[in-house]
Each structure stands twice: as structure tokens, then as C-alpha cells.
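Colleague: Spelled out, the chains give:
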Amino acid sequence: MVRVLKLELRGITKRFGTLLANDHIDVVVEPGQIHCLLGENGAGKSTLMNVLYGLYEPSEGDILVDGRPVSFRGPGDAMEAGIGMVHQHFMLVPVFTVAENVALGAEPTKAAGFLNLDETRRRIKEISDQYGFDVDPDALVEDLPVGVQQRVEIIKALVRNAKVLILDEPTAVLTPQETDELLDIMRQLKSGGTSIVFISHKLREVKAVSDTITVIRRGKVVGTADPAASTTELASMMVGRAVSLTLDKAPAQPKEKTFEVRNLTVIAPNGQHVVDGLSFDIARGEILAVAGVQGNGQTELTEAILGLQDRVHGSILLDGQELLGRSVKEVLNAGVGFVPEDRSVDGLIGTFSIAENLILDRYDQAPFAKGISMSPARVLENAKSRIEEFDVRTPSGALAAGTLSGGNQQKVVMARELSRPLRLFIASQPTRGVDVGSIEFLHKRIVAERDQGTPVMIISTELDEVMELADRIAVLYKGKLVGVVQAGTSRDVLGLMMAGIPPEEHVQAGKAADTTSTSTSDAEGGDHV
Amino acid sequence: MSEKHPPQHAGGEPAGRAQQPTPAAEETAALVSVDTAGGAMEPSAVPATAQSGQLPGGPDTLLRKIFTGSGMVSVLAVLLALIIGGLLIASTDKQVATTATYLFARPTDFLAAVWNAATRSYIALFQGSVFNPRGNGVAAQFAPFMETLTIATPLITAGLGVALAFRAGLFNIGAQGQIIVAGILAAWVGFALDLPMGLHLLLVLVAGIIGGAFWGGLVGVLKARTGAHEVILTIMFNYIALYFLRYLLNTPAFQRPGESNPISPILDPTAVYPQIFGSQYRLHLGFLLAIAATVLVWWLLNRSTVGFEFRAVGANPKAAQTAGINVSRSTILVMALAGGLAGMSGVAQVAGTEKVLTDGVAATYGFDAITVALLGRSTPWGTFAAGLLFGAFRAGAVQMQIQTGTPIDIVLVVQSLIVLFIAAPPLVRAIFGLNPRRRKPARPAKSREAATTGGAA
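Protein chains in written order, with this note's numbering: chain A, 1 to 529; chain B, 1001 to 1457.
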């Protein structure tokens, strides 16, 4: 009953005007395989998949299903041929139940056009049981965590008998635990006979699940790789030059402590203390990383420092001056550089030009403005040098920032904040959704800022990033500080701290179960030796 | 309903040409697609719709798209509205009705009649608004154009007010009320005070602008302080202004002595706008001020820090706030400026064309201003051009009715159709075959066999 399907892309070329997004790409997805398309943001992976899914028409080349050339004129055709796609941003109706969402587009009906969702429910249960999805067909989608919503998307494809599943950057929106669960699901789907095209630029995941890896760079296939290849090797293929994945960072030379937070409490509109009595400080020339699972007060902490929160108690001192109670503009002018956690929401204005975004918080200062009169020439001039300095890949600074890839957008935000003398630098999720090549670059810039003697605060939910950048690590849990530990603290200890267990308790617990603790931290802590 | 067919037919053919998207559309598609891979930005996951040219990122509401969409759609919307308007004119024409009775015997007669009816009316419209070849001497020949400019004056400034507010993310439909309040103050200064030439007019102008700015600014304050929605506020403020004016016109301070009608005294000669080309035309200084206002708004939006703030707040208030821009202050300021611009329309009415204050001082200029800003895509010069067009419609409609008996209302129909088409850009693009989307998802079974060769391009 299980129909396997061999998918072949032969010489696929896609041009947009003069831009060559895909250049004669050949990919063969063997039945029952997890085939990874690895490439940086903007390499043309998604374009290729949109061609495959019938959203774009290829300029040249053929798609072959089981050796037979086909032409898809829309997602409907692709689905009928057994190809399903899970987009990075889910296509679900939040106020519908899981069953309703799954049925949407192919609603089974009873006589007189009445909906028949029982059949859909049964299919969802069936698939859910088969692969251990644990999805309730009657739950409202808006109540489900992101990871489960993604499973609903997968179910949607499976209900329509997808034999090839395209997953477009599926892990970008997931927490580390959810990512692991997804990888398990992918393996199970594979053993059930479904082939998977896995689009990603995260090397660890790619290595963990792939059978075959095709590396795409600038619209071309640069080669296939073995999942057993080293991460450095894969990264170099993807970026096209040697990349160092471990950050070269001199030990911190902390000077005087110029940034102090005392008893900081932020009260949410619902009365909850989202930041609860925080006290910490950062020295000049030091990076303090704030770790924690998302939603434990990190956002409110940074917003409180910047002056975006209303109900804040305590004290925030920069160079001995109180920042609390000042306007955002005053805080910025006091020398605080701020990279917000979600660039598309509060870091950039998508419809503004790159040049305008590069001066978004300095538009009214010299040399860009004299009185209220702005100088577009100066703004463009500034853009030119920033774009060069931060290697933003764009033909012109006059283009809208929304046209840039995620990594380049982040470079724009970073370039803006790092291009003035700072007294404090705060970066929230500095490399979220950014490709490997850019991560390396951005991390180097952050360390460079530290070495200039600026106190740096990094907020990240990615433990890898925290461990790589931090000189000291502060862990937040439910708005409270669990503890501040030195860099080099093991992943285990940090993981437990992120669950709210203070380091001292862990040390005690660790003594009790000495053997297990050392064996795990050995595996993790290898690179610290 | 034979007149229904031509637009459908006309639409059918070019739609086939949608296969070749314009280079500009292709480029946008390219940019969007490149970004698709970018991932972390707004959804590019639905490229089929994303291809319609909007950039990812930023809160792109439907309203915003309508107001700031491409200028091409504006031009096509006007064209389309004129075509349909022409068919409506034809449908009421006697000659057309007569020829329709023997349509199948001699269809050419019918088509000729339709063409004649429409063109006759539009020629009359043109002659009434731009150039009348039958005029006595050059001066009279250009009189219609002067009239167009006169009527366009309040449309332009009020339109600028709506456009400016919209660029800052506010839907100001209170131009009507702002014109009225400006008119009240300007008129009072004009007839009640006795001042020397020049100074008097200046004071009239200042009073009007302050009146409009106050009325608009008040909305801004309420919005910024309490979060009340500006649409509700401006609608209500329109009513308050109108009924307040009606009340005033029955008080001794405003009612013309010895008059029982609600009408104010005539403004002093020192308080009215001088006529630019002499007394033969109604065109007054207000038109030059409207040009100046357009230049000023352009400069403000594109070359000043204030405009930068407005645009930032309009495009992404959250990012603007994070960058240190005071959103509340921008809201208040932009509403005050918008009110001030609408106030100039009030002054143009009382000190330019009417020279008295009645409860019809704002006519429908405040509401037409929304259409003008819409048609002008909220850009200063676009609004200026749209104001001229609507001025021409208004000026020409009278001549059209006199010459051909076509009712003035047909112009309102055309105006409404323009709004309708602008509000539905995909419809316009589809009719003219400009859609970047290559094809609609056709019935799968059939199409698969047909196109195994892949793309034609």
C-alpha cells in the first residue's frame, strides 16, 4: 500500500529578471531518505522548493516524479503528485481546531454539504498514533505550542498522502527540546516510507538526521556531502571559504564596573512581577550573557533598561547615572547600544531604505541633520561605509531593508548600533535566524566591542551562543536570577539552572550522583579543556 | 444590459498577456524570493501572494496598501472609471436607446451612438474644465481651466492633510470638521476685525490654520493620551464642528445684521485673497499657497527629521519607539499639521471663493479630500495631481450638463468608481493584464498534461 516516490530535479533554473536564483540545479531525492538542502540564507534553497511545490514556474529544467516529467501549475498539483510542504511560517487558522485546519481545502462532506470532520479526526488520530505526534484533533490551534503546530502542518501533508515532505527551515522557530522531538519525528516518518527534503543551515541538525546532503551556494549545487563530514567541512562548503566555528576570543580583561542593576522589578499589566528583584553588574571589557528559556523575563529586562517599560522599580546605573525614568531617546543618547530581539518587529522598518535604517536612532543628530533639515547625501554616504564595513550584501543602500536576507538585516541593525561610541552594548538574540557565515562575523564584532572596553550584555536562548560569547553567565528563571556563573560552566549545570535549580544545589546533587555527572559533563565540556 | 459586455470583453483579452510580467514586477518578485531564503523575516512562505510587490516586514495593513500602492494603479483606475462612466452616460442617451431597438439589424448604428454619447459628454467635460475653443478670446477660452484650479485649491490642501496623517499611520477623516473650524475662525477675523491691508489677510490665514490645527491636534491628543481611535474621533469631531457652526450662525456675533438666514457678514476686502489673474477669474492667491503647501509637505516628509519620525511611526511604530522616537508626540504633531493643512482649505473657501461663512462652507471638500489623498497615493505631488483632476471633474460637470444634458451626478459616479478601483488593485491589474502572478492555480488534472515543457519564458 505504501507508494514510494522518487523525485528528481533536473537542471532547474529560475531567473527573476537578471537575477539567477537557481542555476541548473540537479537534485535526486531517493525514496525513503532524508535529503538535506544545506545553504546559507539567500542561497536559493527556498526558491528551489517553491519551484518544486508549484509556486514558481522554472525558467528551465524538469521535475521528474518516478522518472516521469511533470509540471506543477500550483500547490494543488504538487500535493496531488504526493509532495507536501511545511512552510517556515505556518499556514494555520489560529481559531480553528486541529481537525478543521487539517480538513481545510479538502473538506469531507456529508449529504447536503454538511461537514464531516469525523473522518478527518480519525485520520489525525491514526497518524498521530503511528508517529507518536500526540496531537488532539479537537484542540484549538492557537492554544498549541509552536512545536505542536508544526506537527499539525506535517499531519496536514500526510493526510493528503504526501510521500515527499518538504520542511523549510523547520527548526528556526523551535526550542532546543522541540527541535530534538522534530528530529525524532523525521526519523520515524522516514522509517514509515516518507522521503523528506530538509532545508536548513543548522549543521548540527543536518548532521543528525540526513542521509544525503546537497550543498547549495549562490543558486548552484556546489556538491554533495556525507553526513559524517565534520561541521567545519560542511560550513566551509556552504559559505565557500574556511570558517572557524569556534570563536577566537582572548580572555576578558574586566575593568571597573560601570553598569549596575539593583533590585530591578518590572510589573506586567496583569500585575505579575515579570522581572523580580534582579541585581547584577557588568564591568567594562566584559561580556555578561543572560541565559534562560524564552519568556523568563529577558525581554522585559532589556526593555526596562531601554526605557520601554512603564512599571519599573529599582535602579539601573550607567557610569553612576540613573537610567530609570528616562525616555528611550535619553537612554540611547547616554551611550546605550541596543539590538532588539526581533529585528523585523522592533529593529528595522522594512519599507524604509537600508540607509534610513542605518540611522534610525540618530536621524536627528549631526551629521545627518541640521536643525530639522536632513541631509540625504550624508545618510547615503554613511550607508555606503557601514555596508562595506559590515559586509551587508546588497547592491545599494537605497533599497528597502525588507529586501535583505535575515542575516543581512541583522548586520544592518548591528552596524547601526556599533557605529557610535558606546558606554553599554545590549544585544538580544544577536544571531537569531542568521546563517553560519554571518554568525561568525557578528560574534567577532561583539567581542571587538568588548575589547574596546565597553560593558556588553548578551541575551540569548541558544546555549551554544551563550557559552561561546560569555565571560560570565547569568541565568534567569521566572524573572528571578538563578545565579551568575563563570564561563566554562558545564552545559548540565546551565541546563539545570535554566530550569530554576541554583548552581549550589546542583553541586550537592552532583556529589550524590558523582559518576553520572562527570561522564556527561565530560562529553560536553570537551572543548573547554 | 448590453453595456456590461465591453468591459468584460476588454478585460478578457489582455488578461492573457499576464504571462509576461513587467520587468519591475519581475524585479520585485526577485527581491522577495531572495528574501524568501532569508527566513527570519516576515512570511515569504506564501510567495504566490507575496509576489504582488509588497515587501516583507512592517505592518502592511490592507488600508496601508491601498493608500500607498503604485501610482500606475491610480492612473488605470481613473481610466477604467471614465470608461464605465462613459457607458453609463450612453445608457441614458436617447439615440442609443433608439438604435438599440434595431441592434441586430445594424449593430454599427448602436455602437456609433454609444461612442457619440460618451465622447460628447467627455468633450463637454473637457471644455468645461480645461479649454473651451468656443470662448470669446483667449481669456474666455482658458476660463474653464482657471475654474478648475479654483475648485482644486481646497481639495489639494485638505487632501494633503489626509495624506500627511496617513503617512504617519493615522486615518484622518476629519478634514471636514477641520475645514469648518478653520472657516469659523478665519471668517470671524475677516469680518469682525478692522485691520490694514496685508496684515488682515495674514491674520485670517493664521487664524484659519490655527483653527484647523487645533481641531486636528485635539484628536491627536485624545488618541495619544487615551488610545481612542482616530477614525471614531474625527467622525464625531466633524459633527461637533458642523452643528457648532450652525449654532454660531444664529448668534448675533456671526449672523449678518438684518438677515434671518444663517449667513455671516461679507468679509472685509482687506481680508480676502487677491485674485491672481484679475477679476475675470475666481482664481485666488490660495492656489499659490496650495502649491507652497505641497512643496512644504514634500520637504517635511522627505527631507526633515519630523517627517522621518512621521514615516517611521507610520511604517513600524514599535521599531520607531525602540529607536527613541516619541510616538505620542508624533501623533499629536501630525494631526495638528494635518488639521492646519485642512484649515488652509477653510481659508480658501471663506477668503477665496465664498467670501462669507455659511453652514455649507466645507461643501464636501473634507470627504473628497480622502479620495484625493487615496488617488494621490498619499504622496504630496500625487495628491496635488489628484486634486487638480477632481477640480476638473467638478468644474467640467456643470458645462457637461448644460451642453449635453448629462447629469452632474455622473461625475460623482466616476469619482466613486475611482475609489472602488483603487481599493481593489488586483482587479485593476487583472483587467489590464499587469498581474505579476503568472497564473491562477488552474484545474490540476487538465493542466498537467498540457504544460510538460515547463515555463515558456
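Honestly, I wouldn't trust all of these hints.
Heads up, incomplete: computed chain A residues facing chain B, CB under 8 Å, no partners named [unchecked claim]: (1) T232; (2) K329; (3) V345.
Don't read these hints as lab results, they were simulated from the structure. Predicted model, so just to flag it, every value in this text is computed and none were measured. Using N, Cα and C, we set each Cβ at its ideal position, and we do this for glycine too.
Colleague: Regarding the hint that A:T232 lies at the interface with chain B, is the smallest CB-CB distance below 8 Å?
Modeller: Not OK, violated: A:T232 not within 8 Å of chain B, min 23 Å.
Colleague: Please check whether A:V345 passes as an interface residue: C-beta within 8 Å of a C-beta belonging to chain B.
Modeller: 6 Å, holds
Colleague: Using 8 Å as the Cβ threshold, decide whether A:K329 counts as touching chain B.
Modeller: Status holds, d = 4 Å.
Violated hints amount to a single one, hint 1; each of the other numbered hints is respected by the structure.
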